[in-house]
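Q: Sequence:
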Amino acid sequence: MAEPTATLQVLLAAIERLERKVDALTARLAEPPPAEAVGKREAARLLGVDRSTTLEQLLRNGRLRATRYGGRVRIARSEIQRFLEEPEAPRRHRAAAAPRRATTRRQVMDEAARLRALKIGDL
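Read in order, the letters of the sequence shown are residues 89 to 211 in my numbering.
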């Protein structure tokens, strides 16, 4: 059986290590998040991906790094930029659509006449 004083010394050393870790974590939690850090919604928007599926998967598999501040996940803009520069980064899921022009009745009639002329010309 171990000597009581030796066991106490081991326990005291372990307690001191734990106290240092708690102090470090407490100090880190007191720090405000970096100004360039964004939340999940903004990160998903910047990346052009779905927040609930793609972004969560990127965070889970470690391809995108995030930190937790006050219980909230924050992602640095520099991390988003780094990720976007990767060759295998997912592409934006919403393509920028060209502005749609309204089709007028006259345009429809002109197109119908053009098609009739082509069909008659084939005879």
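For the record, the hints were derived by calculation from the structure and aren't laboratory data.
Among the clues, some could well be false.
The calculated label-pair distances, taken between Cβ atoms and stated as ranges, are [what the hints assert, rightly or not]:
{"no.": "1", "residue 1": "Q97", "residue 2": "T142", "range": "46 to 54 Å"}
{"no.": "2", "residue 1": "L96", "residue 2": "G159", "range": "35 to 43 Å"}
{"no.": "3", "residue 1": "Q97", "residue 2": "Y157", "range": "34 to 42 Å"}
{"no.": "4", "residue 1": "Y157", "residue 2": "L134", "range": "16 to 24 Å"}
{"no.": "5", "residue 1": "R105", "residue 2": "Q169", "range": "31 to 39 Å"}
{"no.": "6", "residue 1": "A123", "residue 2": "A101", "range": "19 to 27 Å"}
{"no.": "7", "residue 1": "A123", "residue 2": "V196", "range": "20 to 28 Å"}
The calculated lysine to aspartate or glutamate pairs, modelled on EDC-like cross-linking and capped at a C-alpha distance of 16 Å, are [said to hold, decoys possible]:
{"no.": "8", "residue 1": "K128", "residue 2": "E173"}
{"no.": "9", "residue 1": "K128", "residue 2": "E104"}
{"no.": "10", "residue 1": "K109", "residue 2": "E124"}
If you're wondering where the values come from, they're calculated on a predicted model, not measured in any experiment.
Where a beta carbon is used, it is the ideal one built from N, C-alpha and C, also for glycine.
Q: Determine for every hint whether it applies to the structure shown.
A: Here is what the structure says about each hint:
1. Hint check: Q97 to T142, Cβ distance near 52 Å, so the stated range 46 to 54 Å holds.
2. Range check, L96 to G159: Cβ separation about 37 Å, and the 35 to 43 Å hint holds.
3. The beta-carbon spacing between Q97 and Y157, approximately 37 Å, falls within the hinted interval of 34 to 42 Å.
4. Range check, Y157 to L134: Cβ separation about 18 Å, and the 16 to 24 Å hint holds.
5. Checking the proposed 31 to 39 Å range against R105 and Q169 shows it holds: the Cβ atoms sit about 37 Å from each other.
6. A beta carbon spacing of about 40 Å between A123 and A101 contradicts the range 19 to 27 Å that was offered as a hint.
7. For A123 and V196, the Cβ-Cβ distance of about 54 Å falls outside the hinted range of 20 to 28 Å, so the restraint is violated.
8. As the CA atoms of K128 and E173 are separated by approximately 19 Å, the hinted pair breaks the 16 Å bound.
9. Using a Cα cut-off of 16 Å, the hinted pair K128 and E104 is violated, with the two alpha carbons roughly 37 Å apart.
10. About 27 Å separates the Cα atoms of K109 and E124, which puts this hinted pair outside 16 Å; it is violated.
In summary, the structure is inconsistent with hints 6, 7, 8, 9 and 10 from the numbered list given earlier, while agreeing with the others.
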